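J.: This is what each chain is made of:
Protein chains: 2
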Amino acid sequence: MALSRVLKPARTAPPLPQSDFDPGVNNNNPQNDTSIPTCPFCHIASTYPPYDPSSPPAASPTTLLNPDATSPQPSTFIVLSTKDLVAFLDIMPLSFGHILLCTRSHREKLTDVSPLEAGELGRYLRVLSAAVSRVTGVQDWNVVQNNGAAAAQVVPHMHFHVIPRPELKDKGRERFTSTMFGRGQREDLDEEEAEVLAERIRQMVKVVVEEEEKVEAKTQNAKL
Amino acid sequence: MALSRVLKPARTAPPLPQSDFDPGVNNNNPQNDTSIPTCPFCHIASTYPPYDPSSPPAASPTTLLNPDATSPQPSTFIVLSTKDLVAFLDIMPLSFGHILLCTRSHREKLTDVSPLEAGELGRYLRVLSAAVSRVTGVQDWNVVQNNGAAAAQVVPHMHFHVIPRPELKDKGRERFTSTMFGRGQREDLDEEEAEVLAERIRQMVKVVVEEEEKVEAKTQNAKL
Chain A
1 MALSRVLKPA
11 RTAPPLPQSD
21 FDPGVNNNNP
31 QNDTSIPTCP
41 FCHIASTYPP
51 YDPSSPPAAS
61 PTTLLNPDAT
71 SPQPSTFIVL
81 STKDLVAFLD
91 IMPLSFGHIL
101 LCTRSHREKL
111 TDVSPLEAGE
121 LGRYLRVLSA
131 AVSRVTGVQD
141 WNVVQNNGAA
151 AAQVVPHMHF
161 HVIPRPELKD
171 KGRERFTSTM
181 FGRGQREDLD
191 EEEAEVLAER
201 IRQMVKVVVE
211 EEEKVEAKTQ
221 NAKL
Chain B
1 MALSRVLKPA
11 RTAPPLPQSD
21 FDPGVNNNNP
31 QNDTSIPTCP
41 FCHIASTYPP
51 YDPSSPPAAS
61 PTTLLNPDAT
71 SPQPSTFIVL
81 STKDLVAFLD
91 IMPLSFGHIL
101 LCTRSHREKL
111 TDVSPLEAGE
121 LGRYLRVLSA
131 AVSRVTGVQD
141 WNVVQNNGAA
151 AAQVVPHMHF
161 HVIPRPELKD
171 KGRERFTSTM
181 FGRGQREDLD
191 EEEAEVLAER
201 IRQMVKVVVE
211 EEEKVEAKTQ
221 NAKL
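Line by line, the protein sequences are chains A and B. Under the UniProt record's numbering, read the first sequence as residues 1 to 224, first letter to last. Under the UniProt record's numbering, read the second sequence as residues 1 to 224, first letter to last.
A couple of the hints might just be wrong.
All copies of an identical chain are treated as equivalent in the list; a pair is satisfied when it fits inside any one copy or across any two copies.
Derived lysine to any residue pairs resembling SDA-like cross-links, with alpha carbons at most 20 Å apart [claimed, not checked]: (1) Lys83 / Thr219; (2) Lys214 / Thr38; (3) Lys223 / Asp84; (4) Lys214 / Val155; (5) Lys83 / Lys223; (6) Lys83 / Gly137; (7) Lys223 / Leu116.
Derived by calculation from the structure, the hints in this document are not laboratory data. Here the structure is a predicted model, which means the values were calculated and not measured.
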């Protein structure tokens with residue numbers, strides 16, 4: 001590798017990618033409607049209002065989450081919906097329990113999210129990982145987030161994948177590699193199954209969030 | 001897909017993976033030394049003390065970051081070191097600027113981190129993504145975090161990869177897929193280059209963190 005690759009940026013001012021977080025424009029301001037009419041994740045975000053993760057709608061069918069709205073097509077199976085974030089089942093899952101977590105506001109890349117949203121993404125990646133793992137019984141999983149076309153980002157609205165990885169006994173490493181990033185074999189989501197799965201995950205998110213609250217209370221007590 | 005896959009977990013109590021966050025044991029308590037002697041990331045964490053990301057050591061050579069300690073072999077090039085987190089250049093980078101972000105304490109999987117650590121991971125994933133992108137000039141990148149052997153986790157100490165993805169003009173998709181998860185072509189880190197790169201990233205982290213602080217101050221002012 002040539003040292004010039006390192007030295008190059010120093011010759012000019014630090015490049016500020018267009019996609020970078022602009023402190024003057026966005027963030028932490030719900031009045032700033034950033035939604036893009038053609039963006040499928042903005043559509044989902046605007047269709048499903050926030051709910052308290054500790055009191056998920058126990059609705060089945062999932063449409064009761066928002067009975068008055070036209071459900072996006074194909075159906076969306078929400079597993080989390082907060083002021084800042086939305087998570088739902090991937091409609092073309094790489095494995096059973098494959099979910100997506102995105103910001104409610106339209107942010108193209110991870111660098112476009114606000115510091116507050118970034119912290120929330122981290123917090124809920126842990127919560128959702130625990131919920132998906134417990135509900136599916138699959139102990140291993142990948143967290144993947146792609147930024148830009150060269151990194152295989154397809155929908156230009158920042159999202160994390162949480163992808164359970166059951167033991168690949170007969171499938172081998174080849175299949176594992178080929179299924180990453182959506183270029184391998186993907187199945188359409190079975191809607192009946194998805195409805196049950198999404199409700200299970202919402203309920204498990206509640207359990208995990210309540211565990212967090214207990215830890216928080218303990219920590220607070222220890223400090224007193 | 002069979003519906004029984006969804007229904008299976010309901011027959012027993014929700015499984016609590018061993019690796020799951022145990023509110024009774026860990027977290028938010030620096031007195032709890034969780035470090036594992038054989039873990040390379042624990043070695044790095046114990047060798048490099050925290051510093052304020054807004055005042056990074058401008059040291060070159062990087063060893064000045066901790067001149068009294070025996071540097072882990074191979075050399076470690078720190079780009080962030082806080083109370084809770086450590087980030088450094090991958091010693092076998094998939095691309096120029098490939099870094100790892102892990103918790104300072106030993107946590108096997110993402111579900112083992114504390115809620116506080118999870119929030120910090122999210123916050124600094126954004127900061128480090130911005131810093132790496134600006135320093136390398138590469139606008140696209142992947143964020144990847146593998147949990148467990150079936151998900152291709154190699155070092156059992158939770159870590160996020162931030163992997164710049166330059167345009168793959170002559171390399172094609174095949175190479176892209178094969179280089180993910182460390183099974184493709186990886187180069188050894190050039191130490192001279194790495195030293196310059198790590199210092200640049202530390203300095204750019206400072207810039208990004210200062211930008212965040214300005215936004216925070218503006219938000220606070222707007223609320224008054």
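J.: Hints the structure violates: just list their numbers, smallest first.
T.: 2, 4, 6
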